[in-house]
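Using the sequences and the accompanying hints, generate a full structural model.
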Amino acid sequence: MRIIHCADLHLDSKMTSNLDRMRAKERKAELLGTFCRMVDYAKMHDVSAILIAGDMFDTGSISALTRNTVRDTITANKDIDFYYLKGNHDRDSFLSSLEEVPDNLKFFDEGWTSYPMNNDASVILTATELSAKNNNLCYNALVLDPKPVNIVMLHGQEVETGTRDKAEIIALRELKNKNIDYLALGHIHSYKQKPLDGRGVYCYPGCLEGRGFDETGEHGFVLIDIDPIGHKVDTSFVPFASRRLYEVNTDVTGCMTSAEIADKITEEISGQDIDSRSLVKIVLKGQLDIEAEKDTDYLTKRFEDNYYFVKVEDETGYIVDYADYALDASLKGEYVRMIEAASDISELDKPEVIRMGLMAIAGEQI
Amino acid sequence: MRIINCHIENFGRLSGYDRDFTDGCNAIMASNGQGKSTLAAFIRVMFYGFEGEGKRRTGENERKRYEPWQGGVYGGRLTFSDGEKTYVIQRTFGNKSSEDTFELRDASTNLVSDAYSENIGEELFKVNSESYMRTAYIGQNDVVTHTTDGINSMIGGIADNTNDLDSYEKALGRLNDLINKESPTRSTGSLYKLEGDVTALRTRVRDGSVILDSIHRLEDNMEESKEELAKHSDIRKELAKKQQKLGAYKDRQALKSKYDSLSEECKERDDEVKVRRVAFPGEVPDMEKLNAMQEKATQYAKICESVTFHTLTHEETDKLAGYDKKFEPGIPDMNETTELIRKLRDHDKSMSEDTSDKAELKVLESELDAVKKDKKRLPSSATVGMALILIAMIAAVASVILMPSNALRWVGVGISALILIAGVAVTAFGLKKHKSDCEMDIKDIESEMGKLRNRIDSGERYRRSVMEQARAYLDRYGMALDPVSVTEDLRYLHTMADEYLRLKDKKSDHEKAAEQKNKYKLEFDKYLAELSIVSDDDYVKTFSRLSMDLRSYDEAVARASKAAERLKDFEKENDIEALKNLALPEDDMTLEQINEKLAEVTGRIDEIAGRIRDESDQHDALAEKLELWEEDQVSLGVKEKQLFEGKHRYKNIKNASKYLTLAKESITAKYMEPLLTGFSKYYSSVTGAPADKYHIDANTNITVDELGGQRDTSLLSTGYQDLIGFCLRLALIDAMYEDEKPVLVLDDPFVNLDAERLEGAKRLMDTLAANYQMIYFTCR
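In order, the protein sequence lines correspond to chains A and B. For the first sequence, our numbering begins at 1 and goes up steadily by one. For the second sequence, our numbering begins at 1001 and goes up steadily by one.
Note that these hints are calculated values from the structure, not bench results. For glycine and all other residues, C-beta sits at the position ideal for the given N, C-alpha and C. Keep in mind that a hint or two might mislead.
In silico lysine-lysine, BS3-like type, Cα no more than 30 Å apart, as pairs [stated by the list, open to error]:
| id | chain 1 | residue 1 | chain 2 | residue 2 |
| --- | --- | --- | --- | --- |
| 1 | B | Lys1639 | A | Lys311 |
| 2 | B | Lys1641 | A | Lys14 |
| 3 | B | Lys1258 | B | Lys1242 |
| 4 | B | Lys1193 | A | Lys14 |
Across the chosen pairs, the derived CB separations fall in these ranges [stated by the list, open to error]:
| id | chain 1 | residue 1 | chain 2 | residue 2 | range |
| --- | --- | --- | --- | --- | --- |
| 5 | B | Lys1055 | A | Gly363 | 54 to 62 Å |
| 6 | B | Ala1248 | A | Lys133 | 32 to 40 Å |
| 7 | B | Ala1578 | A | Asp227 | 52 to 60 Å |
| 8 | A | Asp225 | B | Gln1593 | 56 to 64 Å |
A few chain B residues that don't get close to chain A, going by computed Cβ distances all over 12 Å [unchecked claim]:
| id | residue |
| --- | --- |
| 9 | Glu1219 |
| 10 | Ala1387 |
| 11 | Ser1544 |
Below is the structure:
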């Protein structure tokens, strides 16, 4: 038996934090498209069930396009059972929007619900929606028959021990030795699989598509092959995102011009084999000389044609060696010395003020 | 440095002008309009080029202002020494700077030198043209001075280092431009606009915060509506079940009714068959045979009519008996009679022709007589011939008698002879022809008459023969020949023969029909006896009634059979026992009530579904608004960050501007004291009074203590302003040029001084001559 475990699809996510409106709309459509592609993948690879471990939608407000596409995709694939567990981002809006719940869409509530996943009930899926109310009590209520292959699905943040009154907390210690073969989790946006106890593993598949630059790396779903007779569960992570996000940290210390900085960035990027469809955030780090010339707009333009999206973030600081200006009789020297001595400018701001003055004297753009 | 000489090719009013200069003061005294200021300008232009190149007005555009009055090469040369070296500058000027030429030669070798470029002024004096004109070069009525970035740089001794003091004004300008551009208080400032955007976004975000609540409320409403819909759907399902149950009972009930109806019909049909069977006391006849009988009965009726029709009346019987006797020798042959009648008709025709022929014969006889008489008469042509003979004879006589000459007489006789010949010929021909014609006519008439006589004879013979035949024919049937009525008699005989034959046929037909009638009657009676049917002789009616009864019977049997079949089929298809035991289901509602309630619930469901659709549409609309609101939230966050960072940057720019100004003032403050000392020295030298009341600030502005405060020197008299300006220039030059001193070009700087100050100025000039070469222009 073969099933897919995915989570945190965040369909209808606005995507506007980095992208302009047009591209945000495009990425939003890509998120939905990736979900549909995953279902196509399932159909082509004899997958009989798809587990959606929470946060299928980004908000309770679901657009008509997304609602209809998800519904039609589910109803068009009657041979695949969709087990949809609501996450902290989901509300009832999707299910309540359905005039008739498709037979192959199974869902859960705040009590433990079990579904046999094959005819002879040798694979059982059990899940519950965690809430502040049931979080501490649900673990004791979970009693699983040791004979079948047991899959348990939850949405929340893993912790070793429980925390009172927190809805999205999964106390792993409470789930050990509960006859769980595979603990299908959702909430954390990057792939992670570790042993749960002597019998089972717990796994976060991560989100299906990276959305922001806090979601870099590979994204996709987990393909689970279950042998109920041999009581064997094999898992493999399937990278599936249509685009990947990268954060390229570049130390530009010592650079004096934008061209030198661009060279450093090129050097850093060339070592990472980044696809042109990717979204790239270049983070400039290090300390620059106060008289160094740096133009982030130029740097963005310099690289934006190479990738789907490029953003340059400047985290550099300026080094001011006041000793260099101590004996400088020029206006520049006098200016630096006066800023150094100024009490109405914070130490943090002084390099920037100095830089502005020096650029003004040098006739550079400030 | 020192200017050694100059040569002006053409420059303003000066042309072919040469002048040598010595060390110390070179006073050039001339009346107004002699070219003093032009020479001063020439010296400056040789070092710096023209001022006001872009100006339109000739007074401001020096290139135009100093264009040679008399034409020719525009320019000249100037020889100067700098340290140990002597150079010759040669410049010519065109209409624009690109047409200018510059050449510098080393005076000692006369070779072109690249020690200085065409910017030789700036390279030599280390200041730009503006600064030069504010220090070593005093233009006409332009004594008052102020410092420039270049002067400050030179005074600070940093010109050769970074020259950045020179950029102060521009740098400050850039910072101030940025302050204006990014100002949070000016309406054109980017921060001001950004703050406006942020305020608008905050308002939208605040106003839009209710959207999510509205969506949640709407979703709750939709949830309630769905629950209500589900509840009503359950009610409808329940009602539908009841409806189905009652409907099934109704269906069964209908089936039972149908079964009863079929049974009843079956019984009715059987009864009908029995009633119909009564019409047949014996066997039920075969329809085919009955139909044959009925057909025969129809024929029988016709035969009966024929029997009646062909029965002979008494008169006919008598007639037939008479005819039998009359025609004992045989029935006249119709053909023969007819032939005879035809011949009689020919006989009558012959009679008529005979009369006509005889009349014609008489005419012909008359004609023959007439022709014979005509034959004897002289024809008209013979008469003409004879007349001609007579005329010829008369003419011959007349000619003999009357003609005067023989010739004429002979001519006359000749002509008469000719006429005579013609007359004889005509007479002979006429007589011959007349005779021939008459004989031919007689012949024709006689021939015709012969034919007529033959035909008359032939007719008489034929008529006698016909009469004989008629007589013999009539005589055979005892009838006498009457030539007048023979044809009528023959026709009457023929009529009698016809009637005789007709009566004989009628009698024969009657006998045949009567025989056939009896035959049918025997058959009918036998058939009816077999069916035990009593009938009169109206067999048609009897068989017709029997046929109708049989058809009715057969139809009744068919109907009974079909009814029985339907009943059998129904019994086969249905559980008859269950139908017999059918009972009304127990329910508090009738089917009508259920239907009514169902319609009500369906209407309610439609209403709720419509409401859900409306709510869904509203939800979609609100979701769109929420999306925009969320975008506004993101935009607000971004713009708030931009505003915060912008304000921080704005503060930094302001600090940069503030401290740049302070730095510049700090630098200039360093040479304030030596500058003031120099100024005081020169001031005292001219005025003989201390300069205690004068102050100089970091921006090199001189103020004077007057009326209990420091006043701007612009408030002083022009003479004092010039004096202060001159002294300040000298102090600045001292500070700027510690080693190599520039040449002082002074275009009447003391024109506004009073006599006392002018004396002081002369003393100062004498003093200065020890250190400076001066070219001093003044009026006589």
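Under the constraints set out in the numbered hints, which ones does this structure not fulfil? 5, 6 and 9
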